[in-house]
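The listed protein sequences correspond, in order, to chains U and V.
All the letters of the first sequence, read from the start, carry residue numbers 1209 to 1320 under the working numbering.
All the letters of the second sequence, read from the start, carry residue numbers 67 to 179 under the working numbering.
It should be emphasised that the hints constitute simulated quantities derived from the structure, not laboratory data.
Don't take every hint at face value.
Derived contacts from chain V toward chain U, CB cut-off under 10 Å, selection only [as the list claims (entries may be wrong)]:
id	residue
1	G69
2	V70
3	A97
4	Q103
5	G106
6	Y114
7	G167
8	G173
Across the chosen pairs, the derived CB separations fall in these ranges [claimed, not checked]:
id	chain 1	residue 1	chain 2	residue 2	range
9	U	S1226	V	A68	31 to 37 Å
10	U	E1287	V	G117	42 to 48 Å
11	V	Y84	U	E1287	48 to 54 Å
12	V	G117	U	P1216	39 to 45 Å
13	U	V1262	V	P136	34 to 40 Å
14	V	A121	U	E1287	38 to 44 Å
15	V	G94	U	G1249	24 to 30 Å
16	V	G94	U	S1220	38 to 44 Å
17	V	G94	U	Q1268	24 to 30 Å
Ideal placement from N, C-alpha and C gives every residue a C-beta, glycine not left out.
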Amino acid sequence: GENVEQHPSTLSVQEGDSAVIKCTYSDSASNYFPWYKQELGKRPQLIIDIRSNVGEKKDQRIAVTLNKTAKHFSLHITETQPEDSAVYFCAASPGGGNKLTFGTGTQLKVEL
Amino acid sequence: GAGVSQTPSNKVTEKGKYVELRCDPISGHTALYWYRQSLGQGPEFLIYFQGTGAADDSGLPNDRFFAVRPEGSVSTLKIQRTERGDSAVYLCASSPGTGTGYTFGSGTRLTVV
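Looking at chain U on its own, in the form it has when it is part of the complex:
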């Protein structure tokens, strides 16, 4: 089955700096890669996703890049704000989204 590794486990940045979270996956059949933000005690919320026919996708301050050859994808947050502080999870799916395998999460802390 699919295996997703995520790094770093914790990330602390100053407000206004950029943050990058990286994930690798094992199943070359995976073709859908979403990212979720989870605040303490709350539900995971989809913030951006990318499919394997695209190398990069951007939505305001958030961007995701995908390297299918190397089987890795990354989340980039620019101009970080305190409200970006949360746990971020990457995930991969070989079925286009039916069954997600999640990474172990990155605790992002944006300091004033």
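Please build the complex by placing chain V on the supplied structure of chain U, with the hints as guidance.
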């Protein structure tokens, strides 16, 4: 409804007891998913439904776990003979069809004592 609704929000049960967890998806969403999230971990896939049928139940850990969706809307996750290791947050999600972004519910926190 406006979002995915899960009840109860919290459930404490004794080891060996039977529990049922309910999920009410967004109206019109045909796909429904159950995940389990332990503290400090990412959600772990359990089962997904397309309509009334379980399209993939490969994540159910053993035969103590079972889920149904008899009318293609509300789903119930059933756990028999609960064990302390079953303690986790059980998340339900729905989507308009397969291959599209999920909307998660707030989860049911199950504690087995």
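Which hint numbers doesn't this structure obey? Violated hints: none at all, because every hint is consistent with the structure.
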